[in-house]
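Throw the hints in and build the complete structure from the sequences for me.
Residues per chain are reported as follows:
There are 2 protein chains.
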Amino acid sequence: MLEKFRIKDEDTVLVKHGFLQTTVASIFNKLGVNPEDSESGSEVLVEADLRGVDSHGVSNQLRSYVKGYQEGRINPTPNWRIIRESPSTATIDCDGGLGIILTPKAMDLAIQKAKITGVGMVTMRNSRHLGMAAYHAMRALKYDFIGLCMSATGTPLVLPTYGQEAMLGTNPISIAIPAGKEHPFVLDMATSSIAANKIQLAKRLGIELSGGWIAEPNGNPIMDKIPAQEIGTGPGGTGYPPVLLPLGSSREMGSHKGYGLGCMVEILCGILSGGGFSLLGDRDHYKHMVAAYDIEAFSPLQEFKETMDEFLHSLKSSKPAEGQTRVMVPGQPEFEEKTERLSKGIPLHIEVITWFRKTCSELEVECLF
Amino acid sequence: MLEKFRIKDEDTVLVKHGFLQTTVASIFNKLGVNPEDSESGSEVLVEADLRGVDSHGVSNQLRSYVKGYQEGRINPTPNWRIIRESPSTATIDCDGGLGIILTPKAMDLAIQKAKITGVGMVTMRNSRHLGMAAYHAMRALKYDFIGLCMSATGTPLVLPTYGQEAMLGTNPISIAIPAGKEHPFVLDMATSSIAANKIQLAKRLGIELSGGWIAEPNGNPIMDKIPAQEIGTGPGGTGYPPVLLPLGSSREMGSHKGYGLGCMVEILCGILSGGGFSLLGDRDHYKHMVAAYDIEAFSPLQEFKETMDEFLHSLKSSKPAEGQTRVMVPGQPEFEEKTERLSKGIPLHIEVITWFRKTCSELEVECLF
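Residue numbers (my numbering), protein chains in the order written: chain A, 1 to 369; chain B, 1 to 369.
A few of these clues could be false.
Identical chains share a label here; the pair holds if one copy fits it or two copies do between them.
Below 20 Å or equal to it, Euclidean Cα-Cα: the simulated SDA-like pairs (lysine to any residue) are [said to hold, decoys possible]: (1) Lys-319 - Asn-220; (2) Lys-67 - Leu-31; (3) Lys-305 - Gly-276; (4) Lys-316 - Arg-251; (5) Lys-198 - Gly-232; (6) Lys-198 - Arg-251; (7) Lys-225 - Gly-211; (8) Lys-115 - Glu-85; (9) Lys-316 - Leu-280; (10) Lys-225 - Arg-251; (11) Lys-16 - Gly-323; (12) Lys-115 - Pro-87; (13) Lys-305 - Gly-274; (14) Lys-305 - Arg-84; (15) Lys-305 - Leu-279; (16) Lys-316 - Asn-220.
No lab work stands behind these hints: they were computed from the structure.
Have a look at this one:
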């Protein structure tokens, strides 16, 4: 079923990631971002595309970033600063800078702290979108550290259990953990049952929605499939408002857990950083939290990696359910996708290619594809 | 629907928590636990009963602990020791000691470290059951710290997404966060869609199971209601094996997220502490992780508490779904229950009262009710 969301091959062009990354960096640079930050931001976006996380790559996100810079909602030259600090912690005010550019800096700070005390944890306020949360968590992997990243997204889209009003962002949680011979464990999940853009995508493609994703206008979970054309445009519009159910979907199936995790992200990213919560701020105001754990501070690294290999291998070689071909572990589909896309290129929809050429032409930068 | 799991009033006796706690401490003490640890362990158990978390209070857990001590599976005088340490971290080998007694010590160590560096994080291996995870997370509240507790439970009971074999424990996650005038935020959730003992309880009481809780023997999620008598006794037995689905229940509704969180708990508690993972160890081997965050290390405490009050109040005063009376926040039902039980007493089933009197008589300790 999830295959339905994939772009059909005939509508795509394969672009080598190097060309894509250089072009994206040129766009950022032209919008006023310094060269180093432009490079770093383009790496975050293209890494999402390489991993097959198209929702967080250039196709969806870049145009919203370009618009944000052009409309003055994202600050290209933020005076970001550490406003509070202790040996293992820091809070950063991002001065309206883009999360994909500032979160790697925050993670590097968390890693520096973890090198000294074993754990580093940094909260960020007044930021903008951070792209694929997994990128930032995975940044800890090259130090053989565990990386964690959460983000309180600006727009309330998710219902509390038994609620009728959207009160929480989709609030993703990501954790990246190194292994030995196996690929790293990388979890990256919204705390809603489905990503927000899947609803709009289903509507655009005319695909039936699965049960457990959205609610009736009266707040009660819709647990049966519904036709895409019945999805409305928002509160007060016609059809079902596209507010999302928390992970777990209904109280009986544990939606209070997804709701609770969503609240936890609001608090650890937003309230702990002094950035408030989604309902208070404007939709551009994102709050984040990153953390790094030095494995050696808990156990011998080599032993840890060997046990990780055993654990991941056990899961992957366990018996699949009838009708399924294999059991996968978090991070595995993306790892496999990246291997393929590194060699074959990143499939971009022709409409995205057109947008790139038009945007590059308007900004007078070179489009390398 | 969840009300069905409550004990009917006519079958219960109300017991004052002080009498219950003293009696439980006497039992622990008689089983070889020192007086101080006996007190501490009884506090953890009775706190679960006070909060209405009966599944983790004296009724279910105490008899399994008594049996564990009597059969030599729990060590009453563990030589627990810190085997690795850094300014913000530690790993403890618990020497087979009971988690309800040793986890408070680990949390106190995490708090000590957080006082100095801002964050403390302690993993524990070779432990036994830790009772209600929320107790340990909440221990940080009196310092105005955020507390976190996870536990990798010994027995594989939860299926991976698309899997047919139970590979993970129910692996709870708890986080406790202080507020100002509002009660604290306390999330305590298994990473399965339903707690394991709810399945057995439904079977005993002859209650229909909700969809999304368990799987067909071939691993495919059962998304419709099923009669309790169709639940089997385990792999190879008749009926549906009582293996649990991860939070999210089916792939479409996000079970890969619950599965991913379950894996995360296995790794942070088990592999990070050097204690391995559930599939490797024996069923008595529990692994835990606790952490404490000093709020002041990130933001001014008073401001944090005021924003927490605003956040919790916003959620609680948001419009309920049709047919529901109110929106609650994590920790609220337990807080309300505790207020009532502190004054009225803890309702214990007559069968539990009988067990207490018999056990006290056998152990030659006084039963105070």
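Between Lys-305 and Arg-84, at a C-alpha cutoff of 20 Å, which is it: within one copy, between copies, both, or neither? Result: close only across copies, 17 Å inter versus 34 Å intra.
Can you give me the call for Lys-16 and Gly-323, within, between, both or neither, at a CA distance of at most 20 Å? This pair counts as neither: shortest intra-copy Cα distance 35 Å, inter-copy 54 Å.
With identical chains, the pair Lys-67 and Leu-31 could be close in the same copy or across copies; at 20 Å between alpha carbons, which is it: within, between, both, or neither? within (10 Å within a copy, 69 Å between copies)
Same-copy or cross-copy closeness of Lys-316 to Leu-280 [CA-CA at most 20 Å]: So Lys-316 and Leu-280 pass the 20 Å test across copies only (15 Å; inside, 43 Å).
Evaluate Lys-198 and Arg-251 at a C-alpha cut-off of 20 Å and name the case that applies: within, between, both or neither. between (22 Å within a copy, 14 Å between copies)
State whether the alpha carbon distance between Lys-305 and Leu-279 is at most 20 Å within one copy, between copies, both, or neither. between (42 Å within a copy, 17 Å between copies)
For Lys-198 vs Gly-232, is the C-alpha pair at or below 20 Å within one copy, between two copies, both, or neither? The answer is within: 14 Å in one copy meets 20 Å, while 38 Å across copies does not.
Between copies, within a copy, both or neither: which fits Lys-319 and Asn-220 at Cα up to 20 Å? between (36 Å within a copy, 12 Å between copies)
Within a copy, between copies, both or neither: where do Lys-115 and Glu-85 come within 20 Å Cα-Cα? Both, since 16 Å and 13 Å are each at most 20 Å.
With identical chains treated as interchangeable, where does the CA-CA distance between Lys-305 and Gly-274 reach 20 Å or less: within a copy, between copies, both, or neither? Between copies only: 11 Å across chains, 37 Å inside a chain, cut-off 20 Å.
Can you give me the call for Lys-305 and Gly-276, within, between, both or neither, at a CA distance of at most 20 Å? Between. Shortest inter-copy distance 11 Å satisfies the 20 Å Cα cut-off; intra-copy 38 Å does not.
20 Å Cα threshold - placement of Arg-251 relative to Lys-225: both (18 Å within a copy, 14 Å between copies)
Hint compliance for this structure: hint 11 is the single one not met.
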